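Chain by chain, the residues:
Protein chains: 2
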Amino acid sequence: MIINDAVAQLRKGSMVLIYDGDEREGEADIIFHAKFVTPDKIEKLRKEAGGLICLAIEPMIAKRMGLVFYTDILASSDAEIKEMECTKTAYKDKPAFSIPVNYKGVYTGITDNDRALTIKKMSELAENEGDLKKELIADFYSPGHVFLLIGRGIENRKGHTELALELAKKAGLKGVMVLCEMLGKGKALSKENAQKYAEENGFVFLEGSEFYD
Amino acid sequence: MIINDAVAQLRKGSMVLIYDGDEREGEADIIFHAKFVTPDKIEKLRKEAGGLICLAIEPMIAKRMGLVFYTDILASSDAEIKEMECTKTAYKDKPAFSIPVNYKGVYTGITDNDRALTIKKMSELAENEGDLKKELIADFYSPGHVFLLIGRGIENRKGHTELALELAKKAGLKGVMVLCEMLGKGKALSKENAQKYAEENGFVFLEGSEFYD
Chain A
1 MIINDAVAQL
11 RKGSMVLIYD
21 GDEREGEADI
31 IFHAKFVTPD
41 KIEKLRKEAG
51 GLICLAIEPM
61 IAKRMGLVFY
71 TDILASSDAE
81 IKEMECTKTA
91 YKDKPAFSIP
101 VNYKGVYTGI
111 TDNDRALTIK
121 KMSELAENEG
131 DLKKELIADF
141 YSPGHVFLLI
151 GRGIENRKGH
161 TELALELAKK
171 AGLKGVMVLC
181 EMLGKGKALS
191 KENAQKYAEE
201 NGFVFLEGSE
211 FYD
Chain B
214 MIINDAVAQL
224 RKGSMVLIYD
234 GDEREGEADI
244 IFHAKFVTPD
254 KIEKLRKEAG
264 GLICLAIEPM
274 IAKRMGLVFY
284 TDILASSDAE
294 IKEMECTKTA
304 YKDKPAFSIP
314 VNYKGVYTGI
324 TDNDRALTIK
334 KMSELAENEG
344 DLKKELIADF
354 YSPGHVFLLI
364 GRGIENRKGH
374 TELALELAKK
384 AGLKGVMVLC
394 EMLGKGKALS
404 KENAQKYAEE
414 NGFVFLEGSE
424 FYD
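Chains as they are written, first to last, in this note's numbering: chain A, 1 to 213; chain B, 214 to 426.
Derived by calculation from the structure, the hints in this document are not laboratory data.
Note that the structure is predicted; figures quoted are calculated from it, not measured.
There's no promise every hint is true.
In silico lysine-lysine, DSSO-like type, Cα no more than 27 Å apart, as pairs [what the hints assert, rightly or not]:
{"#": "1", "chain 1": "B", "residue 1": "K409", "chain 2": "A", "residue 2": "K82"}
{"#": "2", "chain 1": "B", "residue 1": "K257", "chain 2": "A", "residue 2": "K187"}
{"#": "3", "chain 1": "A", "residue 1": "K12", "chain 2": "A", "residue 2": "K35"}
{"#": "4", "chain 1": "B", "residue 1": "K398", "chain 2": "A", "residue 2": "K12"}
{"#": "5", "chain 1": "A", "residue 1": "K133", "chain 2": "A", "residue 2": "K170"}
{"#": "6", "chain 1": "A", "residue 1": "K41", "chain 2": "B", "residue 2": "K400"}
{"#": "7", "chain 1": "A", "residue 1": "K134", "chain 2": "B", "residue 2": "K398"}
{"#": "8", "chain 1": "A", "residue 1": "K41", "chain 2": "A", "residue 2": "K169"}
{"#": "9", "chain 1": "A", "residue 1": "K196", "chain 2": "B", "residue 2": "K260"}
{"#": "10", "chain 1": "B", "residue 1": "K301", "chain 2": "A", "residue 2": "K104"}
{"#": "11", "chain 1": "A", "residue 1": "K47", "chain 2": "B", "residue 2": "K295"}
{"#": "12", "chain 1": "A", "residue 1": "K169", "chain 2": "A", "residue 2": "K134"}
{"#": "13", "chain 1": "B", "residue 1": "K225", "chain 2": "A", "residue 2": "K133"}
{"#": "14", "chain 1": "A", "residue 1": "K120", "chain 2": "A", "residue 2": "K35"}
{"#": "15", "chain 1": "B", "residue 1": "K295", "chain 2": "B", "residue 2": "K307"}
{"#": "16", "chain 1": "B", "residue 1": "K295", "chain 2": "A", "residue 2": "K63"}
{"#": "17", "chain 1": "B", "residue 1": "K295", "chain 2": "A", "residue 2": "K174"}
{"#": "18", "chain 1": "B", "residue 1": "K347", "chain 2": "A", "residue 2": "K44"}
{"#": "19", "chain 1": "B", "residue 1": "K409", "chain 2": "A", "residue 2": "K88"}
{"#": "20", "chain 1": "B", "residue 1": "K347", "chain 2": "A", "residue 2": "K94"}
{"#": "21", "chain 1": "B", "residue 1": "K225", "chain 2": "B", "residue 2": "K383"}
{"#": "22", "chain 1": "A", "residue 1": "K41", "chain 2": "B", "residue 2": "K254"}
{"#": "23", "chain 1": "A", "residue 1": "K187", "chain 2": "B", "residue 2": "K333"}
{"#": "24", "chain 1": "B", "residue 1": "K257", "chain 2": "A", "residue 2": "K196"}
{"#": "25", "chain 1": "A", "residue 1": "K191", "chain 2": "B", "residue 2": "K317"}
{"#": "26", "chain 1": "A", "residue 1": "K88", "chain 2": "B", "residue 2": "K346"}
{"#": "27", "chain 1": "B", "residue 1": "K305", "chain 2": "B", "residue 2": "K404"}
{"#": "28", "chain 1": "B", "residue 1": "K333", "chain 2": "B", "residue 2": "K346"}
Kindly generate the complete structure, drawing on both the sequences and the hints.
In structure tokens form, the structure reads like this:
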């Protein structure tokens with residue numbers, strides 16, 4: 001089964017492509033497990049995928065870190081524009097965004113080296129047994145250049161965030177996954193071109209539907 | 214004078230490179246005025262610059278829109294992690310980030326077409342005379358995929374945000390400028406390579422110091 005191939009690739013540190021479905025975003029994301037991050041992988045994402053480089057975190061770990069959705073932060077703030085909170089996107093889901101972070105050891109935060117370092121340190125934090133919230137506050141700041149996403153579980157939302165985290169779970173890996181949208185000319189990269197890219201790079205191409213069949 | 218060349222190019226809708234200085238970020242950003250945005254320009258930024266695609270807004274317009282700094286939103290929220298607020302970066306400045314937005318007419322928000330549309334609509338909003346805050350809330354949502362930055366004026370901060378907005382002012386254009394960091398292998402693109410890129414593309418290369426001489 002293709003999902004088993006994806007799990008095997010994920011454990012080896014390889015990238016995997018996940019296409020959510022024609023009826024949702026209609027978009028393929030490159031994903032890989034955060035512990036395998038390197039500056040070269042970040043370079044590949046920005047040059048060949050082109051979307052935002054995000055870090056999806058499973059609900060239990062996010063909770064231990066004290067992470068909440070960005071929308072909850074905006075809505076509970078004293079900003080006059082808090083009504084701008086997005087409750088539903090055009091593809092009918094709530095956004096997965098939490099806060100954007102940088103590890104305190106970075107310089108600007110945006111370079112390949114800096115983003116890889118932030119992701120590496122977040123991955124290490126997720127492996128910890130201690131007080132994750134205390135360590136998050138001690139070692140990271142916000143706003144930064146790595147966009148944290150919180151999963152809602154595939155029973156609640158079928159986005160790339162949830163699919164990537166579900167794959168990590170099947171692989172027996174901690175729920176911290178790097179994600180980046182694949183863009184084409186003007187629009188999301190077409191499913192056909194994403195499949196072609198996966199083939200050329202030796203990456204598994206997974207569809208959201210394969211998680212439910 | 215090179216700054217006059219940059220002003221002339223800006224008015225024509227061309228991109229300009231601004232290098233802040235060796236003692237600050239040591240980074241070149243591609244900038245252009247928001248009203249000249251096109252999906253092709255967004256594609257060029259993501260493929261050839263590689264950083265975050267941001268929209269810098271001058272303080273007076275930001276104020277009329279009701280925009281505040283992201284750090285103020287975080288600090289005034291009820292999030293347990295609000296202490297993560299960044300008060301000073303490694304290059305000694307406060308961050309310029311306000312909120313990330315999408316125009317309500319987008320689909321995912323991340324594609325070249327969607328980011329260009331969000332920027333175009335923000336630029337049109339800045340030209341308006343009415344209640345900008347009301348229109349911002351009516352037509353845009355947050356979180357989105359275009360990162361708004363608020364200028365603090367070059368007398369207070371000498372970042373790309375302030376330099377780009379100062380250039381817009383000299384050009385007699387509204388203070389809404391698109392910015393994207395130029396990345397190289399692992400690190401920020403070197404000053405020499407940024408100069409070479411500017412030359413190859415026929416873009417003016419401006420240094421922060423030229424604003425004060």
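- Is the hinted pair B:K225 and A:K133 satisfied, with a Cα-Cα distance of at most 27 Å? violated, 50 Å
- Would the pair A:K196 and B:K260 pass a check requiring their Cα atoms to be no farther apart than 27 Å? holds, 19 Å
- Message: For a C-alpha distance cap of 27 Å, please report whether B:K257 and A:K196 respect it.
- Response: holds, 23 Å
- Assess, step by step, whether the Cα of A:K191 is no farther than 27 Å from the Cα of B:K317, and give holds or violated. This hinted pair holds, its Cα atoms lying about 25 Å apart.
- Query: Within 27 Å, alpha carbon to alpha carbon, are B:K257 and A:K187?
  - Reply: Holds: B:K257 and A:K187 sit about 14 Å apart, inside 27 Å.
- Query: Are the Cα positions of B:K305 and B:K404 separated by 27 Å at most?
  - Reply: This hinted pair holds, its Cα atoms lying about 20 Å apart.
- Message: Between the alpha carbons of A:K120 and A:K35, is the straight-line distance 27 Å or under?
- Response: holds, 6 Å
- Task: Given the hint that A:K47 pairs with B:K295, test it: the Cα-Cα distance must not exceed 27 Å.
- Result: Between A:K47 and B:K295 the Cα gap is close to 33 Å, so the pair fails against 27 Å, i.e. violated.
- Message: Need the status of pair A:K133, A:K170: alpha-carbon distance at most 27 Å?
- Response: Status holds; Cα separation ~26 Å.
- Task: Verify the proposed pairing of B:K295 with B:K307, using a straight-line Cα cut of 27 Å.
- Result: Judged against 27 Å, a Cα distance of about 16 Å means the pair holds.
- 27 Å Cα cutoff - pair B:K295, A:K174: holds, 25 Å
- Message: B:K409 and A:K82 were given as a pair; does the straight-line alpha-carbon distance stay at or below 27 Å?
- Response: violated, 44 Å
Comparing the model with each earlier hint shows violations of hints 1, 7, 11, 13, 18 and 19; every other hint is respected.
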